[in-house]
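Residue numbers (this note's numbering): 43 to 160.
Treat the hints as calculated values from the structure; they're not laboratory data.
All figures in this text were calculated on a predicted structure; none of them were measured in a lab.
Treat the hints with care, as some may be off.
[Claimed, not checked] Computed spacing ranges between beta-carbons, pair by pair: (1) 160 to 116: 33 to 39 angstroms; (2) 94 to 44: 18 to 24 angstroms; (3) 56 to 82: 27 to 33 angstroms; (4) 143 to 82: 34 to 40 angstroms; (5) 46 to 93: 18 to 24 angstroms; (6) 159 to 69: 34 to 40 angstroms; (7) 160 to 71: 37 to 43 angstroms.
[As the list claims (entries may be wrong)] Computed list of lysine-lysine pairs in BS3-like fashion (alpha-carbon distance at most 25 angstroms, straight line): (8) 127 to 84; (9) 84 to 116; (10) 84 to 105.
Virtual Cβ for every residue (Gly too), placed ideally from N, Cα, C.
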Amino acid sequence: VQLQASGGGLVQAGGSLRLSCAASGNIFSISAMGWYRQGPGKERELVASISSVDSPNYGDSVKGRFSISRDDDKNSVYLQMLSLKPEDTAVYYCNARSYVDSSWTDYWGQGTQVTVSS
Numbered sequence: 043v044q045l046q047a048s049g050g051g052l053v054q055a056g057g058s059l060r061l062s063c064a065a066s067g068n069i070f071s072i073s074a075m076g077w078y079r080q081g082p083g084k085e086r087e088l089v090a091s092i093s094s095v096d097s098p099n100y101g102d103s104v105k106g107r108f109s110i111s112r113d114d115d116k117n118s119v120y121l122q123m124l125s126l127k128p129e130d131t132a133v134y135y136c137n138a139r140s141y142v143d144s145s146w147t148d149y150w151g152q153g154t155q156v157t158v159s160s
């Protein structure tokens with residue numbers, strides 16, 4: 043599975059951005075996709091995830107501001123980010139979780155920088 047993310051950039055606090063991630067390769071093995079982020083000096087954390095069977099899952103710090111969606115025809119997942127705060131500044135990574143041969147594997151995109159200025 044290969045993941046291509048796009049849509050990061052610089053935005054002022056209160057602004058919005060939309061991240062996109064397209065999957066290719068063995069897409070039929072993917073059970074869930076999502077976004078993680080890693081801010082300066084911080085550990086990587088879940089932002090949001092979505093699967094075909096469960097409701098979307100969000101990290102506590104983004105609930106009510108971010109929304110994840112998917113387009114199965116395009117093998118893509120999107121993250122709409124509203125009311126951005128400086129603490130949302132991070133590298134955002136697209137993630138796909140695959141279940142093959144009774145084991146789980148995580149795939150990662152290249153990361154896209156989101157910078158929110160105050």
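**Asked** Is it true that residue 159 and residue 69 lie within 34 to 40 angstroms of each other by Cβ?
**Response** Holds, at about 36 angstroms.
**Prompt:** Do the Cβ positions of residue 160 and residue 116 conform to the proposed distance bound of 33 to 39 angstroms?
**Reply:** Holds - the Cβ-Cβ distance for residue 160 and residue 116, about 35 angstroms, lies within 33 to 39 angstroms.
**Item:** 25 angstroms Cα cutoff - pair residue 84, residue 116
**Value:** Measuring from Cα to Cα gives roughly 32 angstroms; hence the hint is violated.
**Request:** Starting from residue 127, check that the Cα of residue 84 is at most 25 angstroms away, please.
**Result:** Distance ~16 angstroms between residue 127 and residue 84 Cα, so the pair holds.
**Asked** Does the Cβ pair residue 46, residue 93 satisfy 18 to 24 angstroms?
**Response** 20 angstroms Cβ-Cβ, so the 18 to 24 angstroms window holds.
**Message:** A range of 18 to 24 angstroms was offered for this pair. Does it hold for the Cβ distance of residue 94 and residue 44?
**Reply:** holds (20 angstroms)
**Request:** Look at the Cβ atoms of residue 143 and residue 82 and judge whether their distance stays inside 34 to 40 angstroms.
**Result:** holds (38 angstroms)
**Restraint check for residue 84 with residue 105, where alpha carbons must lie at most 25 angstroms apart** = holds (19 angstroms)
**Message:** A range of 37 to 43 angstroms was offered for this pair. Does it hold for the Cβ distance of residue 160 and residue 71?
**Reply:** holds (42 angstroms)
**Prompt:** Per the hint of 27 to 33 angstroms, is the separation of the Cβ atoms of residue 56 and residue 82 within bounds?
**Reply:** violated (21 angstroms)
Violated hints for the displayed structure, listed by number in ascending order: 3, 9.
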